[in-house]
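Participant: Starting from the known structure of chain L, arrange chains X and W with the ligands on it as the hints suggest.
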Amino acid sequence: MLILECPYCGVHAEETELQAGGEAHLKRFGPGSSDEAFHDYLFLRENPRGVHLERWRHVNGCGKWFHAARCTQTLEVFGTYRAQTSAPPQDIRDKITAKRPGWTWREFEG
Amino acid sequence: MKRYSAFAVAREGLRYHSGWDRAWRAAAPKRHYDVIIVGAGGHGLATAYYLGKNFGITNVAVIEKGWLGGGNTGRNTTIIRSNYLQDPSAAIYEKARSLYEGLSQDFNYNVMFSPRGVIMLAQTEHEVRGYKRTAHANALQGVATEWIEPARVKELVPIINLDGPRYPVLGGLWQERGGTARHDAVAWGYARACSDMGMDIIQQCEVTGVRTENGRVIGVETTKGAIDCDKLGMVVAGNCSVLSQMAGFRLPVESVALQALVSEPIKPCMDVVVMANTVHGYMSQSDKGEMVIGGGTDGYNNYTQRGSFHHIEETVRALVETFPMVSRLKMLRQWGGIVDVTGDRSPLISKTPVQNCFVNAGWGTGGFKAIPGSGWAMAELMATGHSPLAEAFSMTRFKEGRFIDESVAAGVAH
Amino acid sequence: MSDAVSALNGAEFNGLAKVVETGLGGMITLRGDLASDRIKAAVKAATGTEVPATRRIAIGAAGAAAWMSPDELLLMVEYDRVGAVVAKLGEDLAGAHHMAVNVSDARACFAVSGPAAREVIAKVAPVDLAPGQFEAGDFRRTRFAQVAGAFWLDEAGVFHIVCFRSVAAYMFNLLSTAAHPHAKVGVYA
Ligand SMILES: Cc1cc2nc3c(=O)[nH]c(=O)nc-3n(C[C@H](O)[C@H](O)[C@H](O)COP(=O)(O)OP(=O)(O)OC[C@H]3O[C@@H](n4cnc5c(N)ncnc54)[C@H](O)[C@@H]3O)c2cc1C
Ligand SMILES: [Zn+2]
Numbered sequence: 001m002l003i004l005e006c007p008y009c010g011v012h013a014e015e016t017e018l019q020a021g022g023e024a025h026l027k028r029f030g031p032g033s034s035d036e037a038f039h040d041y042l043f044l045r046e047n048p049r050g051v052h053l054e055r056w057r058h059v060n061g062c063g064k065w066f067h068a069a070r071c072t073q074t075l076e077v078f079g080t081y082r083a084q085t086s087a088p089p090q091d092i093r094d095k096i097t098a099k100r101p102g103w104t105w106r107e108f109e110g
Numbered sequence: 001m002k003r004y005s006a007f008a009v010a011r012e013g014l015r016y017h018s019g020w021d022r023a024w025r026a027a028a029p030k031r032h033y034d035v036i037i038v039g040a041g042g043h044g045l046a047t048a049y050y051l052g053k054n055f056g057i058t059n060v061a062v063i064e065k066g067w068l069g070g071g072n073t074g075r076n077t078t079i080i081r082s083n084y085l086q087d088p089s090a091a092i093y094e095k096a097r098s099l100y101e102g103l104s105q106d107f108n109y110n111v112m113f114s115p116r117g118v119i120m121l122a123q124t125e126h127e128v129r130g131y132k133r134t135a136h137a138n139a140l141q142g143v144a145t146e147w148i149e150p151a152r153v154k155e156l157v158p159i160i161n162l163d164g165p166r167y168p169v170l171g172g173l174w175q176e177r178g179g180t181a182r183h184d185a186v187a188w189g190y191a192r193a194c195s196d197m198g199m200d201i202i203q204q205c206e207v208t209g210v211r212t213e214n215g216r217v218i219g220v221e222t223t224k225g226a227i228d229c230d231k232l233g234m235v236v237a238g239n240c241s242v243l244s245q246m247a248g249f250r251l252p253v254e255s256v257a258l259q260a261l262v263s264e265p266i267k268p269c270m271d272v273v274v275m276a277n278t279v280h281g282y283m284s285q286s287d288k289g290e291m292v293i294g295g296g297t298d299g300y301n302n303y304t305q306r307g308s309f310h311h312i313e314e315t316v317r318a319l320v321e322t323f324p325m326v327s328r329l330k331m332l333r334q335w336g337g338i339v340d341v342t343g344d345r346s347p348l349i350s351k352t353p354v355q356n357c358f359v360n361a362g363w364g365t366g367g368f369k370a371i372p373g374s375g376w377a378m379a380e381l382m383a384t385g386h387s388p389l390a391e392a393f394s395m396t397r398f399k400e401g402r403f404i405d406e407s408v409a410a411g412v413a414h
Numbered sequence: 001m002s003d004a005v006s007a008l009n010g011a012e013f014n015g016l017a018k019v020v021e022t023g024l025g026g027m028i029t030l031r032g033d034l035a036s037d038r039i040k041a042a043v044k045a046a047t048g049t050e051v052p053a054t055r056r057i058a059i060g061a062a063g064a065a066a067w068m069s070p071d072e073l074l075l076m077v078e079y080d081r082v083g084a085v086v087a088k089l090g091e092d093l094a095g096a097h098h099m100a101v102n103v104s105d106a107r108a109c110f111a112v113s114g115p116a117a118r119e120v121i122a123k124v125a126p127v128d129l130a131p132g133q134f135e136a137g138d139f140r141r142t143r144f145a146q147v148a149g150a151f152w153l154d155e156a157g158v159f160h161i162v163c164f165r166s167v168a169a170y171m172f173n174l175l176s177t178a179a180h181p182h183a184k185v186g187v188y189a
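Chains as they are written, first to last, in UniProt numbering: chain L, 1 to 110; chain X, 1 to 414; chain W, 1 to 189.
If you are wondering where the hints come from, they were derived from the structure by calculation, not from laboratory data. Wrong hints could be hidden among the right ones.
Stated by the list, open to error - Below, in silico cross-link-like pairs of lysine-lysine (BS3-like), each with a Cα-Cα straight-line distance of 30 Å or less:
1. L:Lys-99 <-> X:Lys-330
2. X:Lys-351 <-> X:Lys-95
3. X:Lys-95 <-> L:Lys-27
4. L:Lys-99 <-> X:Lys-65
5. X:Lys-330 <-> W:Lys-123
6. W:Lys-184 <-> L:Lys-64
7. L:Lys-64 <-> W:Lys-88
8. X:Lys-399 <-> L:Lys-27
Pulled out of the complex, with its shape left as it was, chain L reads as follows (with noise of 0.2 Å):
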């Protein structure tokens, strides 16, 4: 059972109060930009074996979208973090360096 703790509300909340937003910090390409970056940014999802960075919501509970890093290959979580980012905040990448050195997600690493 996987165990978030909402930045907002400070529950550790079980994930049946949870929903999984999908990939975090997307970029939107929309009109204007290449074929190539509007296919990548509709179809292609981060799917790391490792870390990862993802949105979800607390849904049954302060309703607030947040952030979380954690580990697909072990479902260690990192820690959680604000949704009022475009990028992962530098004390949870320090908690994702400690664990994983060497990490990289997309244009991120520690």
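Facilitator: Structure of chains X and W with the ligands alone, referenced to chain L:
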């Protein structure tokens, strides 16, 4: 290789079964193969088999990081059907289903194909319309299915509750020649036949890198050393993104956990497969008497081969509604597999941006039924560069807007 | 005008715990900047309480205020007073970015009391109800089996639950089943 026969069973019975051969050779990797297939699941082994059988290509290695059939092929609930809506799907799944009919004879190995019939229940008006439409589409595609009324459903499945508390049974899509097969026997049968053709099945050997030169594949790195090849087939289901990353490209796939469970064995009570997609559960009875049960996937990326407990609860709840007698059963075992899900819930059988490197993935929650057809098409694509069955499943279809939308057929059911 | 009635007309079940549908409750969803002085003053005027801390409920003379999310409170006042309170909130908060809506008739309310009340709630909601972990004044939005709901514990040891009116019957049956005399687990005994 010695053939299996009634006579052989009798002979071995008289000498303490001391004369059986191993079904396949344990092989150490050679320096070079014409074709390397990564992944000894059903799809990888079937690809190798049809490369040999249909194209005479036998200098082939199938490389497996664990044990053969230990991935989704050995973890699935073995439902076989071909009642898909879109033409390319119906074509490849029906090809697979019809190959299943003769597979045991073809292999001289019993895969226990049991065309006992599959019902997909319609429990909303939307599903009624959808399945009637599928029945019409199937008629045009040459796939034998029919729409049946609730009374006929009850006749086929006496233990069903037609007036469930949430969703009544309004009818069903019935495929009389759908059914099940023994999952690991399918992998073992292919492995035995491949080994018999001289192919190497290399277990406990993980591919850790893909070697390319000028945009063309030249071999792989493995935990047992580097191996060269002219052509490479990646057939690793939930790990396909990891493999494609080694080769330097991305796939439109996400990997999530799907679970199944079986009950204690009971006397025969249901001799067809029933799928209830609205309440999200399905069930069949194995030859051992266990009720084989499955449901939905988890919502998040996962490589751990285990899923979330509450999905089991949801699945069992759905089945208790549909088959009240299930409420008295004890569940014996539960397990998970990592399934590779695409945006349109249809597979990829495709060339890739790397020359001579091919991918077969994205079968998600429903690829067991496709194994023979998928291997057939993948072998043709790898041997000749073109396969009519595989054409629509190219990974370029997303860019081209040619989705094969089976999200109802494969995203939910199996 | 017709008489307003609650979803289950005060249905009651007595088992390991007593489950009661508590009838019509006045409820207002208030959204805005909870740290702002104007919201604080408006909440005080409406309910007689301070803005509650995160995941707490503040109970005052004229009503209660419960923490729903970083920008949302649930104000509870007498059912008949809701119209007036909403109007007053509108005046008090004029010009401040906010929303105040009467949601009374969208909701159903229950009380669960008795020695096994903790256990009954714990069976159906994924919340740590161990004594010390969930105490009087704590407020939690969560899920009760298959439906969303919120609950709090009062000083008298009674749990109060609010959920959508459309699932009131489900909630009552769920709580009654969990409180069935034969369903004792004794986990907090
Ligand atoms: C619980 C469950 C129920 C299902 N029910 C059904 C059903 O009823 N009907 C149906 O049609 N389908 C069903 N499916 C789907 C079906 O099981 C799969 O689509 C199918 O088995 C995929 O076969 P495969 O050969 O592609 O993959 P797999 O059998 O998973 O084989 C891939 C192999 O690749 C190996 N591998 C991975 N990475 C590497 C590497 N780096 N190096 C070497 N080897 C590697 C893995 O170890 C694995 O053995 C179900 C799946 C699950 C999990
Ligand atoms: Zn929260």
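Participant: Could you run down the list of hints and mark each one as holding or not?
Facilitator: Quick rundown of the hints versus the structure:
no., hint, verdict
1, L:Lys-99 <-> X:Lys-330, "violated, 40 Å"
2, X:Lys-351 <-> X:Lys-95, "holds, 21 Å"
3, X:Lys-95 <-> L:Lys-27, "violated, 41 Å"
4, L:Lys-99 <-> X:Lys-65, "holds, 25 Å"
5, X:Lys-330 <-> W:Lys-123, "holds, 21 Å"
6, W:Lys-184 <-> L:Lys-64, "violated, 35 Å"
7, L:Lys-64 <-> W:Lys-88, "holds, 28 Å"
8, X:Lys-399 <-> L:Lys-27, "holds, 18 Å"
The structure fails to meet hints 1, 3 and 6 from the earlier list, while all remaining hints are met.
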